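*Asks:* Residues per chain, in single letters:
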Amino acid sequence: MTAALRLLGTRAIELIDARELLVQLVRKELKVRYRGSVLGFLWTMLTPALVTTVFSVVFTRVVRIGVEDYAAFFIVGYLLWQFLQNSCQGSLHSIVGNADLVKKVYFPREVLPLSHVASQLIHLVLALMVVTPYLVWTRGPAVLVHLPAALALLVVLAVFVAGVSLWFAATNVVLRDLQELFVVIFLVWFYASPVLYPLALARAELAASPWLSVALRANPTAVFLEAFRAPLHGSIEVVDGAAIVTGPGWPPIGSALTATAWAFGVGVLGWLSFARRARTFAREL
Amino acid sequence: MARRTLRQVVGAQVDPSRPAVVLDRVTQTYRLHHERPGGLKDRLSRPRRSSFTELDALDAVSLTIEHGESVGIIGRNGSGKSTLLKLVARILPPDRGAVRTNGRVASLLELGAGFHGDLTGRENIHLNGAILGLGRAEIAERFDAIVEFAGVEQLLDTAVRTYSSGLAVRLGFAIAVAVDPDILLVDEVLAVGDAEFQQRSLERMLGLRRAGRTFLLVSHDLEVVASMCDRVVLLERGRVAFDGPVDAGLAAYRDLIDAG
Numbered sequence: 270m271t272a273a274l275r276l277l278g279t280r281a282i283e284l285i286d287a288r289e290l291l292v293q294l295v296r297k298e299l300k301v302r303y304r305g306s307v308l309g310f311l312w313t314m315l316t317p318a319l320v321t322t323v324f325s326v327v328f329t330r331v332v333r334i335g336v337e338d339y340a341a342f343f344i345v346g347y348l349l350w351q352f353l354q355n356s357c358q359g360s361l362h363s364i365v366g367n368a369d370l371v372k373k374v375y376f377p378r379e380v381l382p383l384s385h386v387a388s389q390l391i392h393l394v395l396a397l398m399v400v401t402p403y404l405v406w407t408r409g410p411a412v413l414v415h416l417p418a419a420l421a422l423l424v425v426l427a428v429f430v431a432g433v434s435l436w437f438a439a440t441n442v443v444l445r446d447l448q449e450l451f452v453v454i455f456l457v458w459f460y461a462s463p464v465l466y467p468l469a470l471a472r473a474e475l476a477a478s479p480w481l482s483v484a485l486r487a488n489p490t491a492v493f494l495e496a497f498r499a500p501l502h503g504s505i506e507v508v509d510g511a512a513i514v515t516g517p518g519w520p521p522i523g524s525a526l527t528a529t530a531w532a533f534g535v536g537v538l539g540w541l542s543f544a545r546r547a548r549t550f551a552r553e554l
Numbered sequence: 016m017a018r019r020t021l022r023q024v025v026g027a028q029v030d031p032s033r034p035a036v037v038l039d040r041v042t043q044t045y046r047l048h049h050e051r052p053g054g055l056k057d058r059l060s061r062p063r064r065s066s067f068t069e070l071d072a073l074d075a076v077s078l079t080i081e082h083g084e085s086v087g088i089i090g091r092n093g094s095g096k097s098t099l100l101k102l103v104a105r106i107l108p109p110d111r112g113a114v115r116t117n118g119r120v121a122s123l124l125e126l127g128a129g130f131h132g133d134l135t136g137r138e139n140i141h142l143n144g145a146i147l148g149l150g151r152a153e154i155a156e157r158f159d160a161i162v163e164f165a166g167v168e169q170l171l172d173t174a175v176r177t178y179s180s181g182l183a184v185r186l187g188f189a190i191a192v193a194v195d196p197d198i199l200l201v202d203e204v205l206a207v208g209d210a211e212f213q214q215r216s217l218e219r220m221l222g223l224r225r226a227g228r229t230f231l232l233v234s235h236d237l238e239v240v241a242s243m244c245d246r247v248v249l250l251e252r253g254r255v256a257f258d259g260p261v262d263a264g265l266a267a268y269r270d271l272i273d274a275g
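Here the protein sequences come in this chain order: A and B.
So in this note's numbering, spot 209 of the first sequence is number 478, and the numbers just go up one at a time.
So in this note's numbering, spot 198 of the second sequence is number 213, and the numbers just go up one at a time.
Just so you know, not all the hints are guaranteed correct.
In the SDA-like style, the derived pairs of lysine to any residue whose C-alpha atoms are separated by at most 20 Å in a straight line are [to be verified]: (1) A:K373 x B:G259; (2) A:K300 x A:L311; (3) A:K372 x A:L291; (4) A:K297 x B:S234; (5) A:K373 x B:V261; (6) A:K372 x B:A128; (7) A:K297 x A:T313.
One side only, chain B facing chain A, incomplete, derived with CB under 10 Å [stated by the list, open to error]: (8) Y45; (9) S77; (10) A104; (11) L107; (12) L134; (13) N143; (14) G144; (15) I146; (16) L147; (17) G148; (18) R151; (19) E153.
No lab work stands behind these hints: they were computed from the structure.
All figures in this text were calculated on a predicted structure; none of them were measured in a lab.
For each residue, glycine too, the CB sits at the ideal point set by N, CA and C.
Just chain A, same shape as in the assembly (with noise of 0.2 Å):
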């Protein structure tokens, strides 16, 4: 446990006087993506608009899932999901791709995958503000009111997001068919999770199988997921077999906690694992 801290106490220090590797990085990687245009970024929000409205024909009109406002619902969700996907991808790569670079020079390792974590997390900021207007035309003024909650929230998923991508970085060096697994797990984890669907109304549908709500639950992109909406869209109850949409509005306290909890254990393990491989990765690669 003191060794443990130690070690992170140690892993802080050197990334406090490596920030400005981290900004440097960061810069690269929203440059090479947006090609250093605005047009750019607007290339990129293509993707989301267009899975957005797939999916909105395909589950308000063929398969009804009866959510309000449900284009609003699902891309709340999918924004914040492609934050985690693209974050874990580009952070997979991280450590594996720059082997040139790890093998000839010292720097704390972290700065490669929290880089990718940073500049989606810009991403992120900045595709929030491009479908705020839409939302608050959606689901009316009080988006604007709870807003400082999704920022609040967005810090915890960050803390969260990191850690899983640490871990995802530094495994592949030891275990590359991570590199093809990764399309599977992310596959698997998306239909899991909470985003095409509120986690209410899964849980009504399964409530004869409890295994499943259970496992449904222990998710923890389902709590990031759920608290993420509450003040962008709203919040969803299931009464008779229809999902009832109140808010938006502040998030549960609990499920505020929970996901901070989340975020925190799973940034501390995925950071300690990374930090007790990073010795030796200039040797594996």
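Put chain B on the given structure of chain A with help from the hints.
*Replies:* Positioned in the frame of chain A, the structure of chain B alone reads:
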């Protein structure tokens, strides 16, 4: 003993009361895997059994290098010279023993590692400076000197992938020496660039040396060792075969080679 600051403890700031570099019975063992490891299939089919030969790259090496010393590490290929530099650079952790450095370490092991082809010269100076551990203000302060030394004024806003390899190396060198580290690790770096640039880089290193920086230099060029160093460590099969004055060290090395 005076209380050390946190940054001194982690080695980011010089503590003049202690030596610059200490290697304490350092052993570094390489596992030469007979097949490339890391697949799930390998792990499932042979969870414990792995096939490798162990090779001691360094065998219980102890060294103390004081501030301002310039130490030439010589020895035949495979004697452990580069491994020693990588340990001091913290790229590798020692398997046994301890390596302690005191002050900012910069390595000229690989110039321009971390250059990103799509970024301009200007952006790469910022990125590479940060990789080598400089803060924003420090980079800004050194920027003009780097540009001038590398001679890239005209190409500052051009993507580095269009640079010739010689030019990229020059830029890498300019950034690395601009770091002005307390401890400088050099691995055969003078073999790059044209004659004029080699001369200039040698002068720059002698300048740093006069300014009291600590040098660890790996080279097969014994003339460079003779002109740069005031101490020689001769490695043979991962052990220190000689540690002392340059003349005697170079003589010992020649004897070793003559003996075969």
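*Asks:* Indicate, hint by hint, whether the structure satisfies it.
*Replies:* Hints, verified against the model:
no. : hint            : result
1   : A:K373 x B:G259 : violated, 29 Å
2   : A:K300 x A:L311 : holds, 14 Å
3   : A:K372 x A:L291 : holds, 19 Å
4   : A:K297 x B:S234 : violated, 35 Å
5   : A:K373 x B:V261 : violated, 28 Å
6   : A:K372 x B:A128 : holds, 10 Å
7   : A:K297 x A:T313 : holds, 16 Å
8   : Y45             : holds, 8 Å
9   : S77             : violated, 21 Å
10  : A104            : holds, 5 Å
11  : L107            : holds, 5 Å
12  : L134            : holds, 6 Å
13  : N143            : holds, 9 Å
14  : G144            : holds, 8 Å
15  : I146            : holds, 6 Å
16  : L147            : holds, 7 Å
17  : G148            : holds, 7 Å
18  : R151            : holds, 5 Å
19  : E153            : holds, 8 Å
Figure legend: structure checked against the earlier numbered hints; hints not met, in rising order: 1, 4, 5, 9.
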